[in-house]
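Produce the entire structure from the sequences given, and follow the hints as far as they go.
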Amino acid sequence: MLEVAGVQLAPMWLGTGGLTSLETVRRVVDAARPGLVTVSVRRTSDTGTGSLLATLRELGIRVLPNTAGCLGAQEAVLTAELAREALGTDWVKLEVIGDELSLLPDVLELVEAAETLVARGFTVLPYTTGDPVVARRLVDVGCAAVMPLGSPIGSGRGIADPHTIEAVRAAVDVPVVLDAGIGTASEAAHAMELGCDAVLVATAVTRAEDPVAMARAMRLAVESGGLARRAGRIPRREMARASSPMRGRVGR
Amino acid sequence: MRLSVNGRPHELPDGIALTGLLETVAPDPRGVAVALNGSVVRAAEWPATPLREGDMVEVVTAHQGG
Numbered sequence: 061m062l063e064v065a066g067v068q069l070a071p072m073w074l075g076t077g078g079l080t081s082l083e084t085v086r087r088v089v090d091a092a093r094p095g096l097v098t099v100s101v102r103r104t105s106d107t108g109t110g111s112l113l114a115t116l117r118e119l120g121i122r123v124l125p126n127t128a129g130c131l132g133a134q135e136a137v138l139t140a141e142l143a144r145e146a147l148g149t150d151w152v153k154l155e156v157i158g159d160e161l162s163l164l165p166d167v168l169e170l171v172e173a174a175e176t177l178v179a180r181g182f183t184v185l186p187y188t189t190g191d192p193v194v195a196r197r198l199v200d201v202g203c204a205a206v207m208p209l210g211s212p213i214g215s216g217r218g219i220a221d222p223h224t225i226e227a228v229r230a231a232v233d234v235p236v237v238l239d240a241g242i243g244t245a246s247e248a249a250h251a252m253e254l255g256c257d258a259v260l261v262a263t264a265v266t267r268a269e270d271p272v273a274m275a276r277a278m279r280l281a282v283e284s285g286g287l288a289r290r291a292g293r294i295p296r297r298e299m300a301r302a303s304s305p306m307r308g309r310v311g312r
Numbered sequence: 054m055r056l057s058v059n060g061r062p063h064e065l066p067d068g069i070a071l072t073g074l075l076e077t078v079a080p081d082p083r084g085v086a087v088a089l090n091g092s093v094v095r096a097a098e099w100p101a102t103p104l105r106e107g108d109m110v111e112v113v114t115a116h117q118g119g
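Protein chains in written order, with our numbering: chain A, 61 to 312; chain B, 54 to 119.
Don't read these hints as lab results, they were simulated from the structure. The C-beta atom is built at its ideal place from N, Cα and C for all residues, glycine as well. Any given hint could be a false lead.
Interface residues of chain A toward chain B, partial, derived using beta-carbon atoms under 10 Å [unchecked claim]:
| hint | residue |
| --- | --- |
| 1 | Val67 |
| 2 | Leu69 |
| 3 | Val101 |
| 4 | Gly214 |
| 5 | Asp239 |
Quick look at the structure:
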């Protein structure tokens with residue numbers, strides 16, 4: 061079982077961005093059975109208050125606030141502090157975006173914000189690049205997990221370079237959560253096969269033609285990939301290797 | 054007095070505390086957090102936090118997001 065900062069969690073994590081109604085949230089959560097659900101923190105003037113949080117609480121799901129959209133360490137730290145106050149959790153998925161076109165992490169600001177938040181008592185789960193050196197820096201400043209991207213947020217391109225995820229896995233001894241880029245179930249399984257401990261899926265579920273069916277597919281894929289990882293895949297070979305015995309063939 | 058609430062100009066009578074503003078901006082304060090001039094003000098401190106001309110107030114809550 062996956063354990064983050066002493067808390068056991070199911071390995072399928074769900075983002076809620078793009079879900080159209082609270083009823084869909086309910087049905088998707090039911091199908092995904094996520095270890096946690098991420099939410100963003102936004103001005104009440106743009107959101108109305110309370111309802112999403114109330115629904116998630118009712119479903120008994122752990123809520124992980126994020127700092128999505130923050131462009132610098134200072135903004136991310138304030139957003140995390142507001143999230144802690146609003147949601148009553150000191151866990152935060154730390155996102156510090158370097159530019160709004162690529163939505164790639166600004167890793168310098170990210171490490172700085174992570175260090176500040178850890179010092180203020182937060183359990184920090186940073187969204188980061190598939191870079192083992194940065195991952196190690198994040199763990200050095202006290203992050204409880206690292207969340208490398210498979211490909212850019214919302215792109216649905218899967219894991220662009222599997223070696224980066226394997227390198228992050230090898231570099232740190234905290235949980236590795238694949239975050240961003242998943243487009244379909246096989247890619248979530250792939251993340252687990254590469255050694256991730258959990259997969260966060262948002263757009264691939266919320267903007268699927270049938271979000272409820274995709275939520276279930278993702279949950280099964282994450283479970284499958286985790287099982288396959290633990291079962292141990294066969295090595296890749298240059299040439300064929302017969303699986304049936306060569307002796308005793310008819311007419312030989 | 055004039056202040057900024059969630060980035061928009063807002064007019065309030067003088068001498069109003071944070072609680073007075075929130076009654077109109079966030080009638081259901083559950084799951085709501087407030088920053089005044091860039092610092093979080095905890096819910097317990099809202100009644101005793103006076104607002105002043107030019108203050109920047111952010112009122113936030115959880116929203117759907119990745």
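Verification of the supplied hints:
no.	hint	result
1	Val67	violated, 19 Å
2	Leu69	violated, 17 Å
3	Val101	holds, 5 Å
4	Gly214	holds, 8 Å
5	Asp239	holds, 8 Å
Violated hints, listed in ascending order, are 1 and 2; each of the other numbered hints is respected by the structure.
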